[in-house]
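Novice: Chain H: place on chain U using the hints.
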Amino acid sequence: GAGVSQSPSNKVTEKGKDVELRCDPISGHTALYWYRQRLGQGLEFLIYFQGNSAPDKSGLPSDRFSAERTGESVSTLTIQRTQQEDSAVYLCASSRSTFGTERETQYFGPGTRLLVL
Amino acid sequence: SQKIEQNSEALNIQEGKTATLTCNYTNYSPAYLQWYRQDPGRGPVFLLLIRENEKEKRKERLKVTFDTTLKQSLFHITASQPADSATYLCALRGDNQGGKLIFGQGTELSVKP
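First to last, the protein sequences are chains U and H. When you line the first sequence up against our numbering, it's residues 70 to 186, in that order. When you line the second sequence up against our numbering, it's residues 877 to 989, in that order.
Here chain H stands alone, though its shape is the one from the complex:
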């Protein structure tokens, strides 16, 4: 069956370091992969999208890589700040024609000053 897995344990890093979050998937051939940020008590907010034919995408301090051979995406936040503390979700577009997204369980990131 289709499965998406993210680091289940919370990631704790020091301010200024690079945070790296992992998203692995199986039994899936997604057209694209997205990363969302979710703060406590709020809905997810879209951050980045990377397509199957793209290896890397950047936006300000964010970088996403996509390896369709390894079936893995890495999400990096460089020069991390305490304000980056949140849960980060990866999501794959479903196989049907609608916009149905399949989400991982999320990784909680905590950046300490």
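Excised from the complex, chain U in its bound form:
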């Protein structure tokens, strides 16, 4: 596609429910990143994929958070048993690679706004 797309654009859920957030990266981009942005804050790194592998999961806040990527394309971020503190914008980005100069520009999607009531 022309850019990174994310769905849904908005999600309202009740505390304790599971949610799945989807990211479609730019075609051909092998690297994919998930970030979280709380209101008025900067971006907080969650996880990145090179291909279908996730070498760095260090930013995942707890074991309620997981992500997977298939076909070196679509990625899904799953939050189980959501809590109110999970409310934030979840941003996905992709880049051509995670190696060398091709990792340097990350292209972001519009984000999914998650509200946990």
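None of these hints come from the bench; they were simulated from the model.
Not the full set, but computed from the structure, chain U residues with beta-carbon under 8 Å of chain H: (1) Ala100; (2) Tyr102; (3) Gln110; (4) Gly111; (5) Leu112; (6) Phe114; (7) Tyr117; (8) Asp125; (9) Leu160; (10) Ser164; (11) Glu173; (12) Gln175; (13) Phe177; (14) Gly178.
Each pair of labels, with its calculated beta carbon distance range: (15) H:Gly892 with U:Asn121: 49 to 57 Å; (16) U:Arg91 with H:Pro916: 17 to 25 Å; (17) U:Val143 with H:Tyr908: 26 to 34 Å.
Idealized CB from N, CA, C, for every residue including glycine.
Specialist: Frame of chain U, contents of chain H only:
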């Protein structure tokens, strides 16, 4: 611990003036630093990258400086326009081999006509 700080207060300037935004970092030796623009309800958009061995980088009305001794980057927008109003984020590449970026909290810029 590693920390990146940007002006927390919004910056309000008059159209035509130069806007200067600051990014300071501690406990970090980044290979490069990036600046992104973020409009409300949108994801960040890449603007400029400056490497540790570069002092200054320019792109049209944008200029970035990088002082690894002071651990500081300055981002300038000359001849500012109301369309430049947005939040500007600085980001440093993490120490691992991936493209993980560490972001500052952003500075909101408002350019008044």
